[in-house]
Amino acid sequence: MPLPDTMYCSQQINIPPELPDILKTFTKAAIRTQPKDLWLWSAAYFSALSKGECLPVKDRLEMNVATQKTDTGLTPGLLKTLHKQLSCGQTCSKEELRKKWKGLCLPMDKLEMMLELGRFTSEFNWIEFFALGCSSLGGTLMSSLKIACEILTEDEEGGAARIPFSTFVKLYTFLAHLDGDMPQDHIDNFLSSLQPLVELQHGMIKPLDFIYREDMDSTPSSFSKATSRAE
Amino acid sequence: MSVPFSNTHLRVPQGFGTLLEGLAREVLRDQPEDIPKYAAQYFETLLKQREDSGVDPVEWAAKLEDRFYNNHAFKTTQSQTEDELSHSEEDLNVSATQRNNSEEVNFTESTDEEEKHIMSLERRLSEEESFNRFPGADLLSDDLSETEEERDQ
Chain A
1 MPLPDTMYCS
11 QQINIPPELP
21 DILKTFTKAA
31 IRTQPKDLWL
41 WSAAYFSALS
51 KGECLPVKDR
61 LEMNVATQKT
71 DTGLTPGLLK
81 TLHKQLSCGQ
91 TCSKEELRKK
101 WKGLCLPMDK
111 LEMMLELGRF
121 TSEFNWIEFF
131 ALGCSSLGGT
141 LMSSLKIACE
151 ILTEDEEGGA
161 ARIPFSTFVK
171 LYTFLAHLDG
181 DMPQDHIDNF
191 LSSLQPLVEL
201 QHGMIKPLDF
211 IYREDMDSTP
221 SSFSKATSRA
231 E
Chain B
1 MSVPFSNTHL
11 RVPQGFGTLL
21 EGLAREVLRD
31 QPEDIPKYAA
41 QYFETLLKQR
51 EDSGVDPVEW
61 AAKLEDRFYN
71 NHAFKTTQSQ
81 TEDELSHSEE
91 DLNVSATQRN
101 NSEEVNFTES
111 TDEEEKHIMS
121 LERRLSEEES
131 FNRFPGADLL
141 SDDLSETEEE
151 RDQ
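Chains A and B supply the protein sequences, listed in that same order.
If you're matching positions, the first sequence starts at 1 in the UniProt record's numbering and goes up one per residue.
If you're matching positions, the second sequence starts at 1 in the UniProt record's numbering and goes up one per residue.
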């Protein structure tokens with residue numbers, strides 16, 4: 001309904017019936033996500049909303065927010081949001097990732113660093129970047145995999161955090177190869193040692209299955225190793 | 001608008017009130033068919049303006065909010081009244097209220113100036129938008145105002 005030419009009182013303003021709901025959801029999303037750059041995030045939010053894409057919104061409020069001084073600025077909540085936004089297709093383009101990364105107010109130079117570290121081509125498997133993201137969150141290979149399980153799982157929060165073993169294999173092999181100095185038979189041995197347990201659990205694996213299995217917690221993760229090498 | 005005495009963690013981000021207000025106002029003004037699309041364009045334009053001007057509206061709005069809630073104007077009056085404790089109580093009360101009044105006036109005046117600044121910013125924006133969309137709108141309103149003036153005469 002077009003507005004009348006002359007305004008006499010506020011009752012003449014037509015309030016679109018869907019507006020209150022849009023503003024309410026938007027506000028709740030802002031409170032939950034606590035974006036660093038409000039305007040940038042708002043633009044990304046409405047751009048995603050108008051295109052029917054997944055919104056740049058965290059599932060819930062995160063208490064410990066990354067400082068972006070020494071780390072990549074990534075938090076488990078943000079990585080999960082990115083995962084929801086980008087995992088729809090098998091592959092993901094660098095452009096798409098850059099756009100979503102920026103929309104979440106994450107530092108661009110850190111993204112470029114990560115892209116270089118993983119030697120990603122312009123089209124890449126999303127799960128590989130996801131693995132690298134987990135690696136930047138967890139200190140060791142095993143804790144990175146644990147974080148990955150916690151983000152990817154469909155179990156309730158605080159539950160067993162099970163994920164399909166096929167996904168786990170992808171994550172593990174990518175991170176282990178990135179590491180460089182892990183021999184192939186070591187990787188194979190580790191994965192095959194998990195196989196009987198996985199079959200008992202209908203093809204699922206949970207952090208408890210592998211976290212104490214290997215005495216690898218002393219090995220720093222590929223990410224921290226590569227960053228220290230770069231320095 | 002953020003309330004400083006609420007939950008420490010679950011708080012509306014700083015400057016969000018101003019942002020929401022601006023968005024709602026422009027939506028009501030232009031009555032777009034597709035609100036999400038319109039909102040996306042609205043924020044794109046503002047982002048571009050921010051990049052061009054180098055002024056961060058969020059930071060600025062947050063400062064404004066901070067000023068509204070943590071009114072520093074009263075702090076100075078308190079310290080001054082403490083200095084004048086030697087005066088009789090009646091005098092003290094009178095002077096304190098007077099000073100409070102004068103401080104309030106100063107405060108509102110300065111915010112008025114700032115509001116004018118926002119108004120001018122917004123007017124520039126809405127002018128640009130209306131210029132892009134309704135080239136005839138200005139003419140129409142001019143015509144109307146003329147007839148009103150004629151009626152007055």
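Read the hints as simulated data drawn from the structure, not as lab findings.
Honestly, I wouldn't trust all of these hints.
To be verified - Derived coverage of chain B by chain A (criterion: at least 3 residues anywhere in the stretch with Cβ under 8 Å from a Cβ of chain A; other residues may be distant):
hint, stretch
1, 11–17
2, 36–42
3, 63–70
C-beta: ideal position from N, C-alpha, C; glycine also.
Next on the checklist: Under 8 Å between beta-carbons, do enough residues of the stretch 63–70 of chain B, three at least, approach chain A for the coverage claim to hold?
Outcome noted: Since 0 is below three, the answer is violated.
Next on the checklist: Three residues or more, CB to CB closer than 8 Å: is that satisfied between the stretch 11–17 of chain B and chain A?
Outcome noted: Satisfied; 6 residues make the cut.
Checklist entry - Are there at least three residues in the stretch 36–42 of chain B whose beta carbon sits under 8 Å from a beta carbon of chain A? => result holds (count 5)
Of the numbered hints listed earlier, the single one contradicted by the structure is hint 3.
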